[in-house]
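S.K.: My request is simple: use the sequences and hints to build the entire structure.
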Amino acid sequence: MKGLLTEIRHCSVCKPFLPLGANPIISASPKSKIVLASQAPGKIAHEKSIAWDDPSGRRLRDWLGVDEDTFYDSDNFAILPLGFCFPGKGKIGDLPPRPECAPLWHKKVTDHFEADPLYILIGNHSQRYYLNDNLTLTARIKAFESYLPQHFVLPHPSPVNRFWMAKNKWFETDVLPVLKRVVQQRLA
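Numbering (UniProt numbering), first residue to last: 1 to 188.
There could be a bad hint or two in this list.
To be verified - With a cut-off of at most 35 Å between alpha-carbon atoms, the simulated DSBU-like pairs for lysine-lysine come out as follows:
1. Lys48 <-> Lys107
2. Lys107 <-> Lys2
3. Lys169 <-> Lys43
4. Lys108 <-> Lys2
5. Lys91 <-> Lys108
6. Lys107 <-> Lys142
7. Lys43 <-> Lys31
8. Lys91 <-> Lys169
9. Lys15 <-> Lys91
10. Lys142 <-> Lys167
11. Lys180 <-> Lys169
12. Lys89 <-> Lys167
13. Lys108 <-> Lys31
14. Lys48 <-> Lys2
15. Lys167 <-> Lys48
16. Lys180 <-> Lys107
17. Lys180 <-> Lys48
18. Lys142 <-> Lys91
19. Lys48 <-> Lys108
20. Lys2 <-> Lys89
21. Lys180 <-> Lys2
22. Lys108 <-> Lys142
23. Lys107 <-> Lys15
24. Lys91 <-> Lys180
25. Lys107 <-> Lys31
26. Lys31 <-> Lys142
27. Lys180 <-> Lys108
28. Lys167 <-> Lys43
Unchecked claim - Simulated DEER-style distance windows between Cβ atoms:
29. Arg181 <-> Leu135: 19 to 27 Å
30. Phe163 <-> Ala115: 32 to 40 Å
31. Lys15 <-> Lys180: 33 to 41 Å
32. Lys180 <-> Leu135: 22 to 30 Å
33. Leu148 <-> Glu172: 12 to 20 Å
Everything labelled a hint here was simulated from the structure, so no lab data went into it. We put the beta carbon where it would ideally sit given N, CA and C, even for glycine.
M.R.: Given below as structure tokens:
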């Protein structure tokens, strides 16, 4: 897998469409127990070349019930966004991930996993890609248990989603305790 990750980190397929250029961000190991499939790195991740090292990442680690060392250990968590590079800013938030990336690379990466990891699908883009359904994000998350044991669906932990969180208080009381339990079981 090491050679594949090096190849991905040098990918420039989308470079002409990326306002800040290509900087593929990925982390994985054949032993990865959990795959974090999300949209694409944000501007801070692009600048630091580190995924989830921002307020969204702190919230995600809190949701998962893990510390930074556990989170950034690729034997525990593979970081596999749909787009490996920052796609640019839209009117509200970041642009969607480039469509070339996931079909080009995801299967090549996932074929290297030694076991069947849990896929934590963060946000609508990754959920639509992996689940191929027409449900809304809220409907999927309300039915989160129906996707287990292979997938766990989550909203994006961005502070921008504070309105969704305020409107859906059941997420914190009903979903997050189960998420923490499932994550701890996978990491044990």
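S.K.: CA of Lys180 to CA of Lys107, is that 35 Å or under?
M.R.: holds, 27 Å
S.K.: Can you confirm whether the C-alpha distance between Lys108 and Lys2 stays at or below 35 Å?
M.R.: holds, 12 Å
S.K.: Keeping to a limit of 35 Å between CA atoms, is the pair of Lys43 and Lys31 held or broken?
M.R.: The hint holds at about 29 Å.
S.K.: Regarding the pair Lys107 and Lys15, is the alpha-carbon distance no greater than 35 Å?
M.R.: holds, 21 Å
S.K.: Going straight from one Cα to the other, do Lys91 and Lys169 come out at no more than 35 Å?
M.R.: With Cα atoms ~27 Å apart, Lys91 and Lys169 stay inside 35 Å; holds.
S.K.: Keeping to a limit of 35 Å between CA atoms, is the pair of Lys180 and Lys2 held or broken?
M.R.: holds, 30 Å
S.K.: Holds or violated: are the alpha carbons of Lys107 and Lys142 at most 35 Å from each other?
M.R.: OK: Lys107 and Lys142 at ~28 Å, within 35 Å.
S.K.: Could you say whether the range 33 to 41 Å given as a hint is met by the Cβ separation of Lys15 and Lys180?
M.R.: For Lys180 against Lys15, whose Cβ atoms are near 39 Å apart, the range 33 to 41 Å holds.
S.K.: Next pair to validate is Lys107 with Lys2; report whether the Cα-Cα distance is within 35 Å.
M.R.: OK: Lys107 and Lys2 at ~15 Å, within 35 Å.
S.K.: Next pair to validate is Lys142 with Lys167; report whether the Cα-Cα distance is within 35 Å.
M.R.: holds, 13 Å
S.K.: Measure nothing beyond the straight line between the CA atoms of Lys180 and Lys169; if it is 35 Å or shorter, mark the hint as holding.
M.R.: holds, 17 Å
S.K.: Within a Cα-Cα threshold of 35 Å, do Lys48 and Lys108 meet the stated pairing?
M.R.: Status holds; Cα separation ~25 Å.
The earlier numbered hints are all upheld by this structure, with none contradicted.
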